[in-house]
Structures are given as structure tokens and as C-alpha cells.
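Heads up: the protein sequence lines correspond to chains Y and P, in order.
Going by this note's numbering, the first sequence opens with residue 7, and the numbers climb by one from there.
Going by this note's numbering, the second sequence opens with residue 90, and the numbers climb by one from there.
Be aware that one or more of the hints could be misleading.
What the hints assert, rightly or not - Now the in silico label distances, taken between C-beta atoms and shown as ranges:
id: 1; chain 1: Y; residue 1: Ala201; chain 2: P; residue 2: Gln185; range: 50 to 56 angstroms
id: 2; chain 1: P; residue 1: Glu206; chain 2: Y; residue 2: Ala57; range: 26 to 32 angstroms
id: 3; chain 1: P; residue 1: Leu183; chain 2: Y; residue 2: Pro14; range: 47 to 53 angstroms
id: 4; chain 1: Y; residue 1: Thr46; chain 2: P; residue 2: Glu206; range: 35 to 41 angstroms
id: 5; chain 1: Y; residue 1: Ala57; chain 2: P; residue 2: Ala245; range: 27 to 33 angstroms
id: 6; chain 1: P; residue 1: Val256; chain 2: Y; residue 2: Pro103; range: 24 to 30 angstroms
id: 7; chain 1: Y; residue 1: Leu113; chain 2: P; residue 2: Leu223; range: 45 to 51 angstroms
id: 8; chain 1: Y; residue 1: Ala109; chain 2: P; residue 2: Gly117; range: 41 to 47 angstroms
id: 9; chain 1: P; residue 1: Ala177; chain 2: Y; residue 2: Asp60; range: 44 to 50 angstroms
id: 10; chain 1: Y; residue 1: Pro14; chain 2: P; residue 2: Pro153; range: 26 to 32 angstroms
id: 11; chain 1: Y; residue 1: Ala57; chain 2: P; residue 2: Val256; range: 22 to 28 angstroms
id: 12; chain 1: Y; residue 1: Ala57; chain 2: P; residue 2: Gln198; range: 25 to 31 angstroms
id: 13; chain 1: Y; residue 1: Gly183; chain 2: P; residue 2: Pro153; range: 44 to 50 angstroms
id: 14; chain 1: Y; residue 1: Gly104; chain 2: P; residue 2: Gly234; range: 24 to 30 angstroms
Said to hold, decoys possible - Okay, the calculated bits of chain P under chain Y, using three or more residues with CB under 8 angstroms as the criterion:
id: 15; stretch: 107-121
id: 16; stretch: 125-138
id: 17; stretch: 143-154
id: 18; stretch: 227-239
Hints in this document: simulated from the structure, not taken from any laboratory.
As the structure is a prediction and not an experimental result, all values here were calculated from the model.
Glycine included, C-beta positions come from ideal geometry on N, C-alpha and C.
Here are the chains, one letter per residue:
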Amino acid sequence: MQAAPLDPQDLDLLKEVSNIGAGNAATALARMLGEVITLTIPDVRALELAAVADALGGPERVVVAIHLGVLGEARGNLLITSSPEAATHLLARLGFPGASPEALPPLATSALREIGNILGGTYLTALSRLLHRHLVPTVPGLAIDMAGAVVDLLLTELAGVSAQALVLETTFAEASGGGVRGSIFFLPHPDGLGALVAGGRRQP
Amino acid sequence: MIPPASRPAPLPSTARRISIGEFEVAAGQERLAIYGLGSCVAVLLHDREAGLSALGHILLPSPPRADAPGIPGRFAATAIPAMVAALAGRGGQLRQLVAKLAGAAQMFQFERVPEEEGIGARNLRAALSTLERLGIPVAARDVGGAYGRTIVVEGATGRMEVRAVRVEERIL
Numbered sequence: 007m008q009a010a011p012l013d014p015q016d017l018d019l020l021k022e023v024s025n026i027g028a029g030n031a032a033t034a035l036a037r038m039l040g041e042v043i044t045l046t047i048p049d050v051r052a053l054e055l056a057a058v059a060d061a062l063g064g065p066e067r068v069v070v071a072i073h074l075g076v077l078g079e080a081r082g083n084l085l086i087t088s089s090p091e092a093a094t095h096l097l098a099r100l101g102f103p104g105a106s107p108e109a110l111p112p113l114a115t116s117a118l119r120e121i122g123n124i125l126g127g128t129y130l131t132a133l134s135r136l137l138h139r140h141l142v143p144t145v146p147g148l149a150i151d152m153a154g155a156v157v158d159l160l161l162t163e164l165a166g167v168s169a170q171a172l173v174l175e176t177t178f179a180e181a182s183g184g185g186v187r188g189s190i191f192f193l194p195h196p197d198g199l200g201a202l203v204a205g206g207r208r209q210p
Numbered sequence: 090m091i092p093p094a095s096r097p098a099p100l101p102s103t104a105r106r107i108s109i110g111e112f113e114v115a116a117g118q119e120r121l122a123i124y125g126l127g128s129c130v131a132v133l134l135h136d137r138e139a140g141l142s143a144l145g146h147i148l149l150p151s152p153p154r155a156d157a158p159g160i161p162g163r164f165a166a167t168a169i170p171a172m173v174a175a176l177a178g179r180g181g182q183l184r185q186l187v188a189k190l191a192g193a194a195q196m197f198q199f200e201r202v203p204e205e206e207g208i209g210a211r212n213l214r215a216a217l218s219t220l221e222r223l224g225i226p227v228a229a230r231d232v233g234g235a236y237g238r239t240i241v242v243e244g245a246t247g248r249m250e251v252r253a254v255r256v257e258e259r260i261l
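Given only the sequences and the hints, what does the whole structure look like? Please build it.
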């Protein structure tokens, strides 16, 4: 069974709230780094499950990925990704110069997870407020590996109920070109999607 | 910076990609590949006498509810019998089959979910029990851990190459 298809207005609504959520996350990151962080235009796509890894650059591309499950009045998954090179830049700014994602000191691992916690938490707080749905993140998990392997977990939750994955993507980058960049992906679970957009329609 | 050697070597362009939830049969020099396998389990069924292999890229143990989308390749309980049928359609025989397994990792460590309860471990158990029910012996496996794998299989021989970012290549 497929979730009821979303009409274009619903997709626009999701694109808008995703953009605001990512904007808040970028502001939090900007404050931490003391840099201006810019966003690209958000993207909302319904993808075949096999195409989700391609949206991350291909199934074998190595990414630094932080995963947060989303629980509450709607379910889903957040994935915050960057290239290993961008993560190296970020870690240097956070006080871990020369820390490569290939061999992370434990404290740097904690720092990346905490960054994920802050970005994911800020993103979800904005969505909760705009959609009038209580959304809470789970404890973040970190993986540095092939994109295909990283997205498996997100797809398993969808595979039993849907042929496709709805993917809300926003990309952020340091305005100065300093090398910190990444993407925030939100994959809402189809079961809660109706409730999610209804919350936003109620009070635009 | 990341040394280039940390990435998996490029694969032969002749390999056919088996996407998530799909399976295919190969013979002769044909190669099948799964790129970036995480908690999914790759099941190879090989018939040496017929020179055939089937490779499945399986996401979940079994359909979670009766109205689940009708895609047998997504679930261990339905994909493996469908692969046996596809092999039989090409001249393979159930009693000649052996299996090789790869993947079933736990990519993200969660404090409250021990590895044996993760989706990877559950996929592995479901694949093993389905194979046992069908009487197919498991010849080799490279499963578990917290890392992704790329696998390439050759049709006629059932030779399986397993590659990972930070782990040495293995041949099953």
C-alpha cells in the first residue's frame, strides 16, 4: 500500500519548513564557528529506494554521516552528511586540527555526534513549531563509510510500507568557501506524513 | 586528508548492479555487484553443475504486514524462494545449491540496541532460517561488524569478492 500522494501544495509546504529548519540549523552552526553559513535551495523528491544512495553521491562514495531517528507525533529519519574532506575542515575548526575521519580520536567522534545533535535538534525544533507536531530526535549515531551502507538503515523502515522514499534535502556551506559544507536529509515515514502536512496546513 | 587508497578499488564496468530489494541470475563470465551494502544481507545462491548464480540484495527479514508492497526481493523469507525459482527457470536445481552470505552490518552503534537485536543481525537470522528450511547449505559468509561492503559475484563460479573501506578484501 502506498501513502496517499502529496499534492504540490503539500510538497511546497514541506520544502518551506525544511528550508526554515535547515536555516535554523545553519544559524546554530554559524554561531559555533563564527562564520556565515549559506543554504542552497531545498529539494523535495520522491525517490525509488535504490536512488536514495545516489542522492548522496553514489552507493560507494565515502561519507561522514550522523543519523538521528525522529520520534513523536510523526516518525522519520534525519541524516546529516558531509564529505570526509569537509568533516576534516569542520574538525579543525572545532579544535581537532589534522584529525582525519579515517582515524578519529574519541573526543572528535563525540564532537561530530554533538554537532549532529545540535543541527538535527534545531532542524526538528523548527519543524515541530511550524507543523504543530511534537518531534523528538533519538541519540545520534555516527558512521564514516560508503553512502549505500549508511542509508540501508533508513530504507529498511520504508521498505515494508512504501515503494518510494520522500527525501527532503538541504545543503549548507560556509560562505567564505572555507571548506565546511554538508547536507541535511529528512526522510519522513509515510505513516505520519498525512498528520505532518495537516499540522502545517492548519495554520500557515 | 584522506589517502586515495582508502577507497574501494574501481570495479569492472561489466558488473550488473543489483539494487536494494532486487535479485538477478548470472551465468558464465557475467558479474553481479552490490555497491555499499550495510545492514542489508547479500545472499548468493550458486549451482556449480549448472554454472549459475543468483544474487539478492535483501533489506528485511519478512513482510511487516499483509498489505506490504508486492516486492519479494526485499524480504529474506520471500526473496530466497523467488531466487530458487529463478535459478530453476534457467536449469538450476535446488539440491545442487549452496549459499554465500555477506553484509548484515550494524552501521550505527546505538546504546540501547545490542548488535544481536539490530536489523543486520535479524536479516542474517532470517536468511539462515530460510536457507535451512529449503535445505541449502551455507558455504561461506562475511557478515556483521560496523562497516559497509561492496561485493562482486561471478556467475559460473559463484566466486564472491568482498571489499570494504578500511578492511582487506576477502574472497568467498
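Hint numbers contradicted by this structure: 9
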